[in-house]
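Enquirer: Based on the provided sequences and hints, a complete structural model is requested.
As given, the protein sequences belong to chains A and B, one line each in that order.
Using numbering that gives the first Met the number 0, the first residue of the first sequence is number 0, and each one after it goes up by one.
Using numbering that gives the first Met the number 0, the first residue of the second sequence is number 0, and each one after it goes up by one.
Just so you know, these hints were derived from the structure itself, not from any lab.
Possibly wrong hints are sitting among the right ones.
[Claimed, not checked] Pairs of lysine-lysine residues, derived as DSSO-like cross-links and limited to a Cα-Cα distance of at most 27 Å, are as follows:
| # | chain 1 | residue 1 | chain 2 | residue 2 |
| --- | --- | --- | --- | --- |
| 1 | B | 175 | B | 298 |
| 2 | B | 139 | A | 273 |
| 3 | A | 87 | A | 172 |
| 4 | B | 63 | A | 266 |
| 5 | B | 139 | A | 266 |
| 6 | A | 76 | A | 330 |
| 7 | A | 97 | A | 76 |
| 8 | A | 345 | A | 330 |
| 9 | B | 225 | A | 266 |
| 10 | B | 175 | A | 253 |
| 11 | A | 273 | B | 63 |
| 12 | B | 131 | A | 273 |
| 13 | A | 366 | A | 301 |
| 14 | A | 327 | A | 97 |
| 15 | B | 139 | A | 253 |
| 16 | A | 127 | A | 327 |
| 17 | A | 345 | A | 76 |
| 18 | B | 131 | A | 266 |
Note that this is a predicted model, so its numbers are computed, not measured.
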Amino acid sequence: MMTRKALIFLVAFLGLSLAGCAPKNEATGGITASGDILIGEYGSLTGPQATFGQSTHNGIMMAMDEINAAGGVRGRKIKILTEDDQSKQEDAANAVTKLISQNGVLAVLGEVASSNSLAAAPICQSNKVPMITPSSTNPDITKKGDFIFRVCFTDNYQGENIARYAAEQMHFKHAAILTDVKNDYSTGLTATISRVFTSLGGQIVAQQSYANGDSDFRSQLTAIRAANPEVIFVPGYYTDVGQIAIQARDLGMKQPLMGGDGWESPKLIEIGGKALDGCMYTNHYFYADPAPIVRNFVERYKDRYGAIPDSMAALAYDAARVMADSIKRAKKLTGPSLRDAIAQTKDFPGVTGTITIGPERNAVGKKLVIERIRNGQLTLQATIEPKAGGEETVVTPGPQ
Amino acid sequence: MQEFLQNLLNGVAVGAIYALIALGYTMVYGILKLINFAHGDIFMLGAFVGFYSGGWAAVHMQDKAGTWWSWPIAAAVMLLAMIACGLFGYLTERIAYRPLRNAPRIASLITAIGVSFFLEYGGQFVFGPDPKFFPTLVEKHLIRFAGIVTTNYQIIVLVVALIFMALLQFLIYGTKFGRAMRAVSFNFETASLMGIPTDRIISTTFIVGSVLAAVGGILYGLSYPKIDPLMGIMPGLKAFIAAVLGGIGNVPGAVVGGLIIGIVESFVGGSSFSSYRDAIAFVILIAILLFRPSGLFGKYQPEKV
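Expert: Listed below in structure tokens is the structure:
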């Protein structure tokens, strides 16, 4: 009797698992049964970097709805399939695998956190599915292959400008660095900042590390305090940065903290509050920029979501529009064709600046802003633009 | 010297919270020989009750912020967390552990892991997986003396932790219930033959342990305002190590173990090995168990064949 029951279970189980294995054939060549073009998005909608994923998702959806309302591309609508990777590397890899092999997307948009983009890029590359990361800045990502692009600057550029601004404009001589050893973004940025800062005559007097998600930073900060730096570089993510600022002030430290675009989140000031006054970070765009394209975007975003778009939303909006524009220009609707079209993107008018994809598949010549927190408000400290064709940059101070 | 004292102070403040959690592990082990792996998650639950009730108070009693009223409000928040966790501790014992009282010990142990997962992932479902930020219950200000800087929060953590440890000490050695508890831990069957209501004593032990975890959760939320449903895992593990370190089943041992773990962590975090901070706790555990298998204060009982 027992064996018959077991047999029934076994058959039922096998049937279920076979059904799970069969390809869904939801899309062929990135086109759904109803004729829409299918684009995948993976992002951290939940977890410690949740606002990165949420802002990115908002930016992408707004861009795609606008494009579809204007008639779509090639006479088709674009459909976005979104997967949450919970701010985790392994889930980012799973999400992209699912989007490609199960949903058959034509291309992929995603991630903000560099470690997650680094986990997903090789999968897109080996499947010949183009991927555009809106805001991952680690230089290694686009080196994963010729299907991987980005529409933002890299950490070489960002790190250099953080260090340069600290040394040349703020005249800091002694600095400490607090690195998140769990994230490629932070370790990469740390290397660039310390190299450039020392080459400009500055001195790194203390180097400490933490792991993303830690709660206690007091011991590292106590060691930094003993070295008495004038500035502390914290190239990490906003959740940690807010707490680091609070605990630094709790230890009586008054130095400003400086960091990169990983700070960019509406949650940053909500967490850090007064402790962040005087701190600075580099960013991709300033939300109160008077340029019409920015003002326009900010207005429409506010109408739609009731919030000010952070730079993750702006970059996602740009990435989605570059993607749609490339689909329009592509010779055929295949991965390699689309890749060629993305690579040929030139002088595309984006919210975060004019986007031209360079030979290394990075957006070249983008401007960078330095924002400073004053009384719980973001203010524009400086705008840095690369001089045409050279390594030189132009620094324009913001309104005081 | 200044750095040394600062690290020492930071370490004691964290260690006091580990000690509060470790007490719950050690009491339950002392009585049931069960490692209640869900204990770290009860601690998380305490922090979340504090988050919601404190958040409610912050919205509805805005005019009282910064006045002396913030103290009774903070006390009420803590009391609420203690009641909720006490109730939860009672329920887990009643529903998950009591039916397995006479089952092999491994069954209870695996149930404990199950309850732990239930709380962690149930918490993600109910509270959401995003980190939340604990409200400021009392105004924070800096205190400076002898070159070290602290906040009134660290002082509050230390004082409250000490008060609850003293209360526990009194409960165990100064009351009838405590005597019964010690009897049950000494010999379960004999105690029940002597007319001690063992089930009630065990339930109460779970309640007391969970209440201490709730206090730890609130103090942790005050010091490190980022809370999420998985926040109980690491402090829970470290408190468990602290309990083993001090000799599991031994109450003063849990306190000393918690302080040692907290202080060592603080010094490692301030050295150039800061990325190995979490590993160090486990290294200490292994080192101590190699030389004293029953922990610092534990009694070594050779098995008689």
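Enquirer: Hints first: check each against the structure and report whether it holds.
Expert: Each hint tested on the structure:
{"no.": "1", "hint": "175/B - 298/B", "verdict": "holds, 24 Å"}
{"no.": "2", "hint": "139/B - 273/A", "verdict": "holds, 12 Å"}
{"no.": "3", "hint": "87/A - 172/A", "verdict": "violated, 37 Å"}
{"no.": "4", "hint": "63/B - 266/A", "verdict": "holds, 26 Å"}
{"no.": "5", "hint": "139/B - 266/A", "verdict": "holds, 21 Å"}
{"no.": "6", "hint": "76/A - 330/A", "verdict": "holds, 18 Å"}
{"no.": "7", "hint": "97/A - 76/A", "verdict": "holds, 22 Å"}
{"no.": "8", "hint": "345/A - 330/A", "verdict": "holds, 17 Å"}
{"no.": "9", "hint": "225/B - 266/A", "verdict": "holds, 12 Å"}
{"no.": "10", "hint": "175/B - 253/A", "verdict": "violated, 54 Å"}
{"no.": "11", "hint": "273/A - 63/B", "verdict": "holds, 21 Å"}
{"no.": "12", "hint": "131/B - 273/A", "verdict": "holds, 18 Å"}
{"no.": "13", "hint": "366/A - 301/A", "verdict": "holds, 24 Å"}
{"no.": "14", "hint": "327/A - 97/A", "verdict": "holds, 25 Å"}
{"no.": "15", "hint": "139/B - 253/A", "verdict": "holds, 16 Å"}
{"no.": "16", "hint": "127/A - 327/A", "verdict": "holds, 19 Å"}
{"no.": "17", "hint": "345/A - 76/A", "verdict": "holds, 24 Å"}
{"no.": "18", "hint": "131/B - 266/A", "verdict": "holds, 10 Å"}
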